[in-house]
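Chemist: Each chain, letter by letter, is given below.
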Amino acid sequence: MATTIMNRLFNISSFICQNAAQLLKNGANNAVKLDQPVRKNWTDWRMIKDNKRRKLLVQHAPDRLRMQAVKKNDILPAEIIEIGQKMLEQLPRDSGITRVRNRCAITSRPRGIVTRWRLSRIVWRSLADYNKLSGVQRAMW
Amino acid sequence: MATALQNTRMLLRRTLSVKKNEILARNICFTSTLKSKKDEGTLKKDDEAKEVAAKNAKQKEAKAKLNMLLEAMSKESQKAFPAESELALATPKFVKKNKPLKTKLISTKIDSEMLQAVENVSKTFSKENEELKKNLIAKLESITDESEVARLEPFKPDKQKTADLNSLLNTLKVDVKKPKKKAPESHLAAVKIDNVYGADPSGIFRNANFKEESGTVSKLTTWEILYQKELELLATQPPSNGFQQMILWTKQGKVWQFPIDNEQGLEEEAQVGFHEHVFLEPYLKPWCPRRGPVRHFMELITVGLSKNPYLTVAQKKEHINWFRNFFDAQRSILIETGAIPDVPSKSPPSLSA
Chain A
0 MATTIMNRLF NISSFICQNA AQLLKNGANN AVKLDQPVRK NWTDWRMIKD
50 NKRRKLLVQH APDRLRMQAV KKNDILPAEI IEIGQKMLEQ LPRDSGITRV
100 RNRCAITSRP RGIVTRWRLS RIVWRSLADY NKLSGVQRAM W
Chain B
0 MATALQNTRM LLRRTLSVKK NEILARNICF TSTLKSKKDE GTLKKDDEAK
50 EVAAKNAKQK EAKAKLNMLL EAMSKESQKA FPAESELALA TPKFVKKNKP
100 LKTKLISTKI DSEMLQAVEN VSKTFSKENE ELKKNLIAKL ESITDESEVA
150 RLEPFKPDKQ KTADLNSLLN TLKVDVKKPK KKAPESHLAA VKIDNVYGAD
200 PSGIFRNANF KEESGTVSKL TTWEILYQKE LELLATQPPS NGFQQMILWT
250 KQGKVWQFPI DNEQGLEEEA QVGFHEHVFL EPYLKPWCPR RGPVRHFMEL
300 ITVGLSKNPY LTVAQKKEHI NWFRNFFDAQ RSILIETGAI PDVPSKSPPS
350 LSA
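For the protein sequence lines, the chains are A and B, in the order given. Here the first sequence is numbered in numbering that gives the first Met the number 0, starting from 0 and rising by one per residue. Here the second sequence is numbered in numbering that gives the first Met the number 0, starting from 0 and rising by one per residue.
Do not rely on the hints blindly, as some may be mistaken.
What the hints assert, rightly or not - Cut-off 20 Å, straight-line C-alpha distance, at most; resulting in silico cross-link-like pairs (SDA-like, lysine to any residue):
hint	chain 1	residue 1	chain 2	residue 2
1	B	Lys92	B	Lys138
2	A	Lys70	B	Lys92
3	A	Lys39	B	Trp222
4	A	Lys70	B	Asp327
5	A	Lys51	A	Lys85
6	B	Lys133	B	Ile109
7	B	Lys316	B	Thr336
8	A	Lys71	B	Phe325
9	B	Lys315	A	Leu56
10	A	Lys131	B	Met245
11	A	Lys39	B	Thr221
12	B	Lys315	A	Ala60
13	A	Lys85	B	Asp327
14	B	Lys306	A	Leu56
15	A	Lys51	A	Thr97
16	A	Lys70	B	Thr336
17	A	Lys85	B	Phe325
18	A	Lys70	B	Leu304
19	A	Lys85	B	Thr336
20	B	Lys253	B	Thr235
21	B	Lys315	A	Thr97
22	A	Lys48	A	Lys85
23	A	Lys39	B	Ile224
By construction, these hints were calculated from the structure, which means they are not laboratory data.
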């Protein structure tokens, strides 16, 4: 009885100590998760990085396409091809399409994505059960 | 004077309110009944007889009291005040025909106490002064009439009275503050403006120099942008329900229009003919050599572009122009390798001789 009370007290005090700065702030800041990326409120850092890669991809896509055309070639002379290859290497790595990963939009799960809805299978299932996905029905045949 | 009357008056003087009378009456009744009930079972026969006799006497007394009280409380005052009828009063010479019915009703409504007071007053002033008494009663009656009438009708402010009151109040007012100086009549105020823009311009600001901000003020661009955004947000209210949200989206053009058209948003592109997409050779003509690996390469490029329905014509032109620039930059290498025929060209930009 006494030990549980002591434990609770300790937990409360530790919580307060760790989050003292946040708690002392005025306003509704305490509602936000404290270990979440704050600036844009993405789910996690991997999601932020994936977003950056997508933006770079869009920005450099035409250049990349042309340089790839020059590189993956057996008609043009070898020197030209080499030049093309070097130009491609100059572009940022994150502008490559293979670096982009289709993550869940809500949980940032990298695997088990239902592509059409951009959601992980778990989130998809929970939404479908609550009738939030148009035209989605439990399979029965 | 009958003894009953004296008794009633005595009782009236003692008991002021009806409620008290009632309470008294009740107490008398209950005590008598309770006592009667108690005595029956418990005491011995001798004691019983004595006590029963005592109780009976008390009961009789109580009953007599009750009867007298009830007589006093009865609303028919004609019974309560037989003195009026007994006294040899002179009949009134003039009969007021204005209020034939009301007088009878209201005379009964004058409180018994009031009447008693009237009688006392008349007695004190002069004994057997019937006229005084009658006058007083008449005055009382008139007052009660007025009060009844006023109570029934809604209040209408008497103009004369209000005027009198107002005049009275005005006389009572005291000016504590100093009287303010009259504002000096300004010349501008005298001008009456009928048509604001009809008159000639006054030319006050003809020689004015309004200086703009001199020098470059360091601008905080991000802050400016955010300030503008904040202003917009303050002015516009976010949609409060789904209907308003749909309206907003429709205005912004985000909402599908029925019947669903897959090419919604691509109306401009629909106007561009297929020939512009497919026949891209004219864009190669000015610069690309007619034979050689470069031509081969560019032909492949144009074939690929002509088959691509997802790019706009502008984008395709951009692709071709980029390759043109690229090959132009690598001209020396191309000549070295023999991709381009090495001929001094009159027009430098073109690769073909």
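Chemist: Confirm or reject each hint.
Modeler: How the hints compare with the structure:
Our distance criterion of 20 Å between C-alpha atoms is met by B/Lys92 and B/Lys138, whose separation comes to about 17 Å. Among the hinted pairs, A/Lys70 with B/Lys92 is inconsistent with the structure: their alpha-carbon atoms are about 140 Å apart, more than 20 Å. Between the alpha carbons of A/Lys39 and B/Trp222 the distance comes to roughly 18 Å, so the proposed pair stays at or under 20 Å and holds. Pair hint A/Lys70 plus B/Asp327 holds up; C-alpha atoms about 17 Å apart against a cutoff of 20 Å.
Pair hint A/Lys51 plus A/Lys85 does not hold up; C-alpha atoms about 24 Å apart against a cutoff of 20 Å. Annotation: proposed proximity of B/Lys133 to B/Ile109 holds, straight-line Cα distance about 13 Å (limit 20 Å). With a CA separation close to 27 Å, the supplied pair B/Lys316 and B/Thr336 exceeds the 20 Å bound. Between A/Lys71 and B/Phe325, the direct Cα distance comes to roughly 16 Å. Compliance with the 20 Å bound is thereby established for this hinted pair.
Annotation: proposed proximity of B/Lys315 to A/Leu56 holds, straight-line Cα distance about 19 Å (limit 20 Å). About 18 Å separates the Cα atoms of A/Lys131 and B/Met245, which keeps this hinted pair within 20 Å; it holds. This hinted pair checks out: A/Lys39 and B/Thr221 have alpha carbons roughly 17 Å apart, not beyond 20 Å. Between B/Lys315 and A/Ala60 the alpha-carbon distance is near 14 Å, which keeps this suggested pair within the 20 Å criterion.
Between the alpha carbons of A/Lys85 and B/Asp327 the distance comes to roughly 17 Å, so the proposed pair stays at or under 20 Å and holds. This hinted pair does not check out: B/Lys306 and A/Leu56 have alpha carbons roughly 23 Å apart, beyond 20 Å. As the CA atoms of A/Lys51 and A/Thr97 are separated by approximately 14 Å, the hinted pair is consistent with the 20 Å bound. Note on A/Lys70 and B/Thr336: the hinted pairing holds, with a Cα-Cα distance of about 17 Å set against a maximum of 20 Å.
As the CA atoms of A/Lys85 and B/Phe325 are separated by approximately 13 Å, the hinted pair is consistent with the 20 Å bound. Of the supplied pair hints, the one linking A/Lys70 and B/Leu304 holds, its CA atoms being roughly 18 Å apart against a limit of 20 Å. Between the alpha carbons of A/Lys85 and B/Thr336 the distance comes to roughly 19 Å, so the proposed pair stays at or under 20 Å and holds. Note on B/Lys253 and B/Thr235: the hinted pairing holds, with a Cα-Cα distance of about 19 Å set against a maximum of 20 Å.
Taken as a hint, the B/Lys315 and A/Thr97 pair is broken in the structure, with Cα atoms around 24 Å apart against an allowance of 20 Å. A distance of roughly 25 Å separates the Cα atoms of A/Lys48 and A/Lys85; the hinted pair therefore is violated under the 20 Å criterion. Restraint check: the Cα-Cα separation between A/Lys39 and B/Ile224 comes to about 18 Å, which is no more than 20 Å; the hinted pair holds.
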